[in-house]
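Asks: Spelled out from the first residue to the last, the chains are:
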Amino acid sequence: SQQGEEDPQALSIQEGENATMNCSYKTSINNLQWYRQNSGRGLVHLILIRSNEREKHSGRLRVTLDTSKKSSSLLITASRAADTASYFCATEAVSVQGAQKLVFGQGTRLTINP
Amino acid sequence: DAGVTQSPTHLIKTRGQQVTLRCSPKSGHDTVSWYQQALGQGPQFIFQYYEEEERQRGNFPDRFSGHQFPNYSSELNVNALLLGDSALYLCASSLVLWALGEAFFGQGTRLTVV
Numbered sequence: 001s002q003q004g005e006e007d008p009q010a011l012s013i014q015e016g017e018n019a020t021m022n023c024s025y026k027t028s029i030n031n032l033q034w035y036r037q038n039s040g041r042g043l044v045h046l047i048l049i050r051s052n053e054r055e056k057h058s059g060r061l062r063v064t065l066d067t068s069k070k071s072s073s074l075l076i077t078a079s080r081a082a083d084t085a086s087y088f089c090a091t092e093a094v095s096v097q098g099a100q101k102l103v104f105g106q107g108t109r110l111t112i113n114p
Numbered sequence: 001d002a003g004v005t006q007s008p009t010h011l012i013k014t015r016g017q018q019v020t021l022r023c024s025p026k027s028g029h030d031t032v033s034w035y036q037q038a039l040g041q042g043p044q045f046i047f048q049y050y051e052e053e054e055r056q057r058g059n060f061p062d063r064f065s066g067h068q069f070p071n072y073s074s075e076l077n078v079n080a081l082l083l084g085d086s087a088l089y090l091c092a093s094s095l096v097l098w099a100l101g102e103a104f105f106g107q108g109t110r111l112t113v114v
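Protein sequences appear in the order of chains A and B.
Start counting the first sequence at 1; every next residue gets the next number (the working numbering).
Start counting the second sequence at 1; every next residue gets the next number (the working numbering).
What the hints contain is simulated information worked out from the structure, not anything from laboratory work.
Even glycine gets a Cβ: it sits at the ideal position worked out from N, Cα and C.
Be a bit skeptical, because a hint or two may be false.
To be verified - Pair ranges (Cβ atoms, derived): (1) B:A80 <-> A:N38: 30 to 38 Å; (2) A:K69 <-> B:L95: 27 to 35 Å; (3) A:T20 <-> B:G16: 41 to 49 Å; (4) A:R80 <-> B:A80: 24 to 32 Å; (5) B:G84 <-> A:E5: 18 to 26 Å; (6) B:E52 <-> A:Q14: 49 to 57 Å; (7) B:G16 <-> A:G40: 23 to 31 Å; (8) B:R63 <-> A:E5: 24 to 32 Å; (9) A:P114 <-> B:E53: 47 to 55 Å; (10) B:L82 <-> A:R60: 36 to 44 Å; (11) A:N30 <-> B:E53: 21 to 29 Å.
Stated by the list, open to error - Computed far set for chain A versus chain B, every beta-carbon distance over 12 Å: (12) E6; (13) N18; (14) A19; (15) T27; (16) A82; (17) D83; (18) K101.
Just chain A, same shape as in the assembly (with noise of 0.2 Å):
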């Protein structure tokens, strides 16, 4: 089963706008990611908050994360035509045999219009 929930599903702006995708989670982490991934390949990583971090900045990303609401934010600014994707959100928790397991949403097709 999934952990996360994204928001919206699928995402549809003009090149240049922003772009927000939302992520919410069940239980408690120890960090989130978010990730891309490119027509059904390889997952890229975008960016780690860690649970004791409110926000986080990387090039055009800006995520938030809000442990008291087990939300998470993604936000592009600019956006341009390569941000065209899925975008994944992933929660981390260590488990008692100290394994990492990221469990991830079902993430926002997002599709830039030139």
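Chain A is fixed; fit chain B onto it per the hints.
Replies: Chain B alone, transformed into the frame defined by chain A:
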């Protein structure tokens, strides 16, 4: 520096057959995780290998098994294939079992069961 490599990229199998997928982790990484991604869904954790042992397992039947070799590469085996096993299988590697950080994903193997 080669990233995570998976082989083959595409595979077509018949119901009831067995399949083996292969993964070479990013150089220096010692932990390999496998994920299954059905069409339109987020990846789901299958299991993780470290020091040639399965450290954690997701909610997958025993038909799914794996192995890690001394050089850290890994195989995913699926027996008695079902139509529902059709998916993109992703391998991810990370550096240290207890480190909480990004995972590096391969491009995946697209398995089609007919």
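Asks: Failing hints, ascending?
Replies: Result: hints 4, 12, 18 break, sorted rising.
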